[in-house]
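Protein chains in written order, with this note's numbering: chain G, 1 to 113; chain C, 114 to 227.
Incorrect hints may have been included.
Said to hold, decoys possible - If you anchor each label on the Cβ, the simulated ranges turn out as follows: (1) N22(G) - N209(C): 30 to 40 Å; (2) T128(C) - H112(G): 35 to 45 Å; (3) R157(C) - G41(G): 19 to 29 Å.
Stated by the list, open to error - Under 7 Å between C-beta atoms, here's a sample of chain C residues computed to sit facing chain G: (4) G129; (5) N144; (6) L156; (7) T225.
Simulated from the structure, these hints should not be mistaken for lab results.
Nothing here was measured: the structure is a model prediction, and the numbers come from that model.
Ideal Cβ placement from N, Cα and C applies to all residues, glycine included.
What follows is each chain in one-letter form.
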Amino acid sequence: GNSVTQMEGPVTLSEEAFLTINCTYTATGYPSLFWYVQYPGEGLQLLLKATKADDKGSNKGFEATYRKETTSFHLEKGSVQVSDSAVYFCAHSFSGGYNKLIFGAGTRLAVHP
Amino acid sequence: DVKVTQSSRYLVKRTGEKVFLECVQDMDHENMFWYRQDPGLGLRLIYFSYDVKMKEKGDIPEGYSVSREKKERFSLILESASTNQTSMYLCASNQNPPRDNEQFFGPGTRLTVL
């Protein structure tokens, strides 16, 4: 079936540390892949996306590469800031139609000064 | 910019009450979605609509209904609220066909059922 698996949180880092949040997916066909971010008290915002294999999505210093061979879309940032503290959701598009997205459980990131 | 708004940020209701959650989008999107978000479970799709008066069940429709009388508005209805419906509810929309399947989200409504 269609699913997304993310590393469990919370992830706690010091400012300027390197961040990796792992994401793997199960899907039929060739889905688009997304990272959404939810800051405290807010809805989800699109952070970055990739629509085909080997594409790299990037935004605000975050990057993720669509790896078809490992069905992965890991999120990375070289130097996190306190303002990056949020919940991060990995998602893929659903090939069964109706423009649906399949979300992972979310990973909470806490960055300390 | 796409804007999706939800009628309330916080709601407190009693068991058995009928609850309406409203969502409005201003970008003429055909598709609208209702999710609930719970810790450790991520987002789960309750219902979605691809046109006025059209609706489809998502993964967890039990205990909910929806209404879409106008293109810009999508309502989620809890006919008789129960404590296990305490959650964060998120509305989203996108165009049809969607651009890369991206969805645009509202700020969420945190519902507490006592």
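Do the hints match the structure? See the list:
Taking 30 to 40 Å as the suggested C-beta distance range, the pair N22(G) and N209(C) conforms, at roughly 32 Å. Under the hint 35 to 45 Å, the C-beta atoms of T128(C) and H112(G), about 40 Å apart, fit the expected range. At roughly 21 Å, the beta carbons of R157(C) and G41(G) sit within the given window of 19 to 29 Å. Because the beta carbon of G129(C) sits about 28 Å from the nearest beta carbon in chain G, more than 7 Å, this interface hint is broken.
With its C-beta approaching chain G no nearer than about 5 Å, N144(C) sits inside the 7 Å limit, and its interface hint holds. Interface hint at L156(C): satisfied, since its Cβ lies 4 Å from the closest Cβ of chain G, which is below the 7 Å cut-off. Using the Cβ-Cβ criterion of 7 Å, the hint placing T225(C) at the interface with chain G is not satisfied: the shortest such distance is roughly 15 Å.
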